[in-house]
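Read top to bottom, the protein sequences are chains A and B.
Quick note on numbering: my numbering labels position 186 of the first sequence as 171, and the sequence is numbered without any gaps.
Every number in my numbering is 78 more than the matching position in the second sequence, counting from 1.
These aren't lab readings, by the way, just hints derived from the structure by calculation.
Computed from the model, here is a short list of chain B residues facing chain A with C-beta under 10 Å:
#1 MET94
#2 ALA114
#3 ALA125
Going by beta-carbon spacing under 10 Å, a handful of chain A positions derived as facing chain B:
#4 ALA39
#5 THR44
#6 ALA52
#7 ASP53
#8 ARG65
#9 ARG68
#10 VAL86
#11 ASN90
#12 LEU130
#13 ARG131
#14 ALA133
#15 ILE145
#16 ALA174
To be clear about the criterion: a stretch of chain B counts as covered by chain A if any three or more of its residues have a C-beta under 8 Å from a C-beta of chain A, and this derived list gives those stretches:
#17 85 to 93
#18 104 to 111
#19 129 to 139
In this text, a Cβ means the ideal position worked out from N, Cα and C, and glycines have one as well.
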Amino acid sequence: MIAYAAASPGFARPVRRTLEPVRSPDTEDDDRLATAFAARERGAFDEAYKRYGALLYSTAYNVLGNADDAQDCVHDALARVWRSPNAYSRARGAVRSFLVVCVRNEAISRLRSQGRRTRLADRLAAEPQEHDELDVVDVVERDRLRAAMSGLPPEQRAPIELAYYGGKTHVEVAAELGEPLGTVKSRIALGLRKLAAALGARR
Amino acid sequence: MSDHIGDDAALFALGMLDEVSRRRIEAHVATCDACAAELGEAESEVATLAAAEPQYRLPATFAAPAAPQPVRTKPRGRPPWFASAVAVAAVLIFGFAPSLYMWQQNRAMHDSMVAENAAMKQLAAGPFRTASFAAMTDGSDARVMYSPDGSWYVVLVRGATRALQVAWMHDGERTMLGTAQPHGDVAMLYLPRSHRMDQLALVDGPNVVAEAQLAY
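Chain B on its own, in the form it takes in the complex:
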């Protein structure tokens, strides 16, 4: 509650409010000293009226009961395990997470280097064929170099600005083979295979952006 209690102080002190309104005001004055003081003034005024009414001596049976046990509120601070949890979270976030990220990056770079090395070995080892991907609309130049027996394929995209997926188009279906990730302005994907593929496609999301016909 953000509004101060104003004239409701008098209504509270006079007992004119319902239970819900009283609880709302009690909750507010527990956190607002200005309204607590205002309510205290109104209570003082009502107490003055009450004291001016007929006063009675206490009956002999009137006695203070044993003080009830106050309800202990939970400490407003963090729970005891909170600091430990924060420390563990900090270790995970600031320690482990960067390490994991770096490990993943290194792993990806290593895989890329292994693939590139394998591709270079294949290209250097013997004869290979080349086919271009037609209809690249973003100005990049893509081609595939492949062995005549269909045992390996290297897809190269020069001027690549984004990752492209490579798919084998056959029998009216599309089989996704992998993703050519750009490093610098060249994206490459090395595909060791055991059969000949006649048609490959570069796929960007749901769209085929270029196709290459491979001849053997």
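One chain only, chain A, in its complex shape:
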């Protein structure tokens, strides 16, 4: 939060006030789990499954579009992470985000290896797919995402859509948009930050 205080007549200087973050019990549990996960403590693997399983499964399902594939994807991604001693450290931030990206990258790799591409943008634009266990409450979130995406400048929205929903590499995106690679990279980074800010990033 930025407030303005007059430092001298006619001149206003921004004063940044630091607010103590509100720490919910969930956040503290996440922190504890992150520390335990980084240290490979007994039980941290099971706890991560219990705590983030639904999110990880949904993340994989939204890329792969198949329940069995999504389960396999989550299991493989977490097993690989757990077997790699240096994969996660506390400097990386939230273990939840780390695992989401691991699972998502695993799912995208599977699609690429199969030569398949999904256009989740199409799925988002359409009604939710058939899934017996769909939690309808989160449809609201889907609408928020759609709105946030629409709020991005077109030059930032286009590469992110191609990447996030199209599963394309940065080289493919640059080629498709006819833009230099460096430009595409910086636009993606900037757009991603804006998008997360609009959705209210949760660590």
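Once you've looked at the hints, dock chain B against the given chain A.
Chain B in isolation, oriented as in the chain A frame:
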């Protein structure tokens, strides 16, 4: 890798990189906390997107498998035998090697003294002949003193600045006899022999620097 990951953090988090690039970044963030934090930010942003997509209840069949055994990395420190190896190496280098060097020096000095003593005895014992080495180009003065029966030879180089080899020149061939090592400004070589040699040469590397004709 020395470069920080920069915008590649977003590409990594969005799944836009190939396997090789991902591994490169993972290796870098394992040793760079600043980039790990930057990547964590991008991952947080992507996780926010993922959480805003449709969420599904877990299927009944979804269950955590048994935790796989983490791969134990080798300890970053030295292997257990390393300290012992270092100690042995230290003993060899700082203990044994100087001793060996000193022993070699003493042995060389002893041999030199024995040879010098033998040469002095021969010179003092009886008649001997002398011949000079001609064409010494470095200003040193070299000569050979030898017994008339060819049973011994003493080569002396005064003003010697380096070791010179002594060779017997015969029948168009060169037979190397030994090296006159300088001690102070004199190099000496004592050569007990059983035959007469008519021509000796001082050799420096591949070059003959002086020759002496010996008469009996």
